[in-house]
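Engineer: Sequence:
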Amino acid sequence: MSCSFLRWRLSSSTPPKLRDSMSCSIFLKLDFQLRLHAFSGLRCLSSFQSSGKFDLTDLTHPHTWYPLARRKKRNIFLHVGPTNSGKTHNALKCLESSSSGVYCGPLRLLAWEVAQRLNKANVPCNLITGQEREDIDGARHSSVTVEMADVTSEYQCAVVDEIQMVGCRTRGFSFTRALLGISADELHLCGDPAAVPLVQRIIEVTGDVIKVQYYERLSPLTPLKFPLGSFSNIRNGDCIVTFSRREIYKLKKVESGGKHLCSVVYGSLPPETRTKQAKMFNDESSKFDILVASDAIGMGLNLNISRIIFSTLKKFDGQYTRELTVPEIKQIAGRAGRYGSKFSSGEVTCIDAEDLPLLHSSLESSSPLLERAGLFPTFDLLSLYSRLHSRMGFHGILEQFLEKAKLSPDYFIADCEEMLKVAAVVDELPLGLYDKYLFCISPVDMNDDIAAQGLTQFAENYAKKGVVRLREIFTPGTLEVPKSHNALKELESVHKVLDLYVWLSFRMEDSFPDREVASSQKAICSLLIEEFLERLGWQRQAKGNYQHNSLLLQQRIQSSMLHKYFPQIKVEST
1 MSCSFLRWRL SSSTPPKLRD SMSCSIFLKL DFQLRLHAFS GLRCLSSFQS
51 SGKFDLTDLT HPHTWYPLAR RKKRNIFLHV GPTNSGKTHN ALKCLESSSS
101 GVYCGPLRLL AWEVAQRLNK ANVPCNLITG QEREDIDGAR HSSVTVEMAD
151 VTSEYQCAVV DEIQMVGCRT RGFSFTRALL GISADELHLC GDPAAVPLVQ
201 RIIEVTGDVI KVQYYERLSP LTPLKFPLGS FSNIRNGDCI VTFSRREIYK
251 LKKVESGGKH LCSVVYGSLP PETRTKQAKM FNDESSKFDI LVASDAIGMG
301 LNLNISRIIF STLKKFDGQY TRELTVPEIK QIAGRAGRYG SKFSSGEVTC
351 IDAEDLPLLH SSLESSSPLL ERAGLFPTFD LLSLYSRLHS RMGFHGILEQ
401 FLEKAKLSPD YFIADCEEML KVAAVVDELP LGLYDKYLFC ISPVDMNDDI
451 AAQGLTQFAE NYAKKGVVRL REIFTPGTLE VPKSHNALKE LESVHKVLDL
501 YVWLSFRMED SFPDREVASS QKAICSLLIE EFLERLGWQR QAKGNYQHNS
551 LLLQQRIQSS MLHKYFPQIK VEST
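Once you know that position 122 of the sequence shown is 122 in the UniProt record's numbering, the rest is easy, because the numbers rise by one and skip nothing.
If you're looking for bench data, these hints aren't it; they were derived computationally from the structure.
Hints may contain errors.
As the list claims (entries may be wrong) - Beta-carbon label-pair distances, calculated as ranges:
| # | residue 1 | residue 2 | range |
| --- | --- | --- | --- |
| 1 | Pro443 | Arg471 | 20 to 26 Å |
| 2 | Lys483 | Glu403 | 45 to 51 Å |
| 3 | Tyr339 | Glu403 | 46 to 52 Å |
Think of the CB as a built atom: it goes at the ideal place given N, C-alpha and C, for glycine as much as any other residue.
Can you make the complete structure from the sequences, with help from the hints?
Structural biologist: Right, here's the structure in full:
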């Protein structure tokens with residue numbers, strides 16, 4: 001593959017736009033209702049000002065932003081316990097038996113999993129994430145990523161998973177919004193016991209009734225007293241955990257002895273690829289019997305892991321290298337010995353003996369209590385504030401608003417570093433405030449050069465023409481199986497750009513009309529990445545198997561409806 005995603009070529013036979021009117025209407029309904037709800041919240045906010053005016057930067061009463069939820073006296077059930085304790089399972093049983101409901105998860109993988117579970121149980125369930133809409137006839141249940149939670153509808157039952165993420169510095173505000181805003185007779189919250197006192201304080205002002213149910217782990221987890229030592233001690237069902245992409249591929253050297261093949265899971269892999277790698281690892285008939293992974297395994301994948309092996313207990317968190325926290329260690333270690341899997345008990349250790357004391361002390365400790373939940377202003381607050389500062393760009397408005405924001409002790413303003421980076425880009429373009437806001441909240445990784453370049457080109461083309469076509473952005477080239485780790489990283493970035501296009505298409509369908517093409521190309525990227533990962537193992541085993549897999553990939557691409565659109569995509573053998 002050539003040096004950047006700009007070297008693509010789409011076939012001249014690109015199909016005409018196929019509109020998914022039902023999916024679009026769902027999003028537009030959500031968007032319109034959320035904005036109406038925000039103005040209702042502003043009217044409530046004004047009542048706290050003795051002067052008869054309201055301070056737009058006063059965020060001290062966020063529960064008043066959700067009038068529909070405040071009309072109910074919700075019954076809140078807080079299910080808390082360690083990983084693999086059955087807390088989410090019990091909450092989902094309540095959701096299955098309800099007449100209407102919603103599941104809100106932190107990951108698309110979890111939303112997919114719950115939607116499949118409910119549909120399999122003959123409970124029609126829609127799937128709604130930032131990048132997918134799957135509508136099921138007659139469905140009165142939905143499985144969504146937490147950012148897509150609808151606070152303008154009423155439900156009999158709602159489940160919010162991993163509620164401790166209210167404390168996440170970047171995404172916590174979405175969990176706070178779900179906690180305060182979902183209008184349900186029953187609201188089930190699942191997560192770490194560390195969230196209990198904070199949730200109780202937040203709910204105290206709403207008038208809701210809350211009940212806490214504590215769970216114990218269903219299967220034993222044993223911290224070993226000795227390190228792994230040599231890689232010759234690796235055995236089937238092991239998962240080696242590290243915290244950088246480079247180290248993950250270094251650790252695949254455990255395959256070199258010829259006894260094992262490794263599946264790989266880390267955050268920047270496409271969700272579809274992560275799922276495929278997990279399935280290969282879980283499949284007893286597969287030869288992929290070892291998993292090498294990042295902390296991406298902490299949630300969202302059901303894995304049959306016998307033993308977790310930490311290669312290190314330090315990680316770079318985007319700012320500095322630090323030791324893992326107690327909750328991080330417990331979340332990852334708890335993935336060993338999943339109840340009901342072929343490994344009924346789990347073990348955990350480290351590669352290096354010097355890490356064992358921290359591992360043992362963390363597993364014996366309680367997670368520190370959460371002190372504050374994330375909060376972020378609605379678009380309408382920012383819009384009204386901008387009218388008072390009409391000469392400022394969106395970057396300045398956002399920065400100044402957040403500096404002046406007034407909060408109660410239970411909240412913090414979410415880290416919006418990524419949004420500010422995007423704001424600096426879109427402020428240079430002739431775009432309206434709402435368009436700038438949409439680009440700023442889009443799922444773009446501005447630390448990824450290709451992804452950042454993709455967003456910039458999307459925004460520039462939208463500002464110039466009002467319509468962004470993929471064929472105008474991707475110049476002639478070919479997609480092929482990566483031949484190096486750098487090429488793999490580039491293909492992962494390409495997937496991010498396509499993901500971004502799909503996300504924008506659900507919010508500006510007329511302006512981003514090639515959703516079907518972008519989704520198809522995403523699928524091709526995932527296939528090519530999967531092929532690269534499988535080749536790494538098969539090359540060390542047998543050339544014949546490796547070539548066989550190449551032929552299988554060609555057949556998978558050629559047999560799909562995508563091939564007529566992208567006949568130039570090729571797979572090269574080496």
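Engineer: Look at each hint and say if it fits the structure.
Structural biologist: Going down the list of hints, with the structure as the test:
no.	hint	in the structure
1	Pro443 / Arg471: 20 to 26 Å	holds, 23 Å
2	Lys483 / Glu403: 45 to 51 Å	holds, 48 Å
3	Tyr339 / Glu403: 46 to 52 Å	holds, 48 Å
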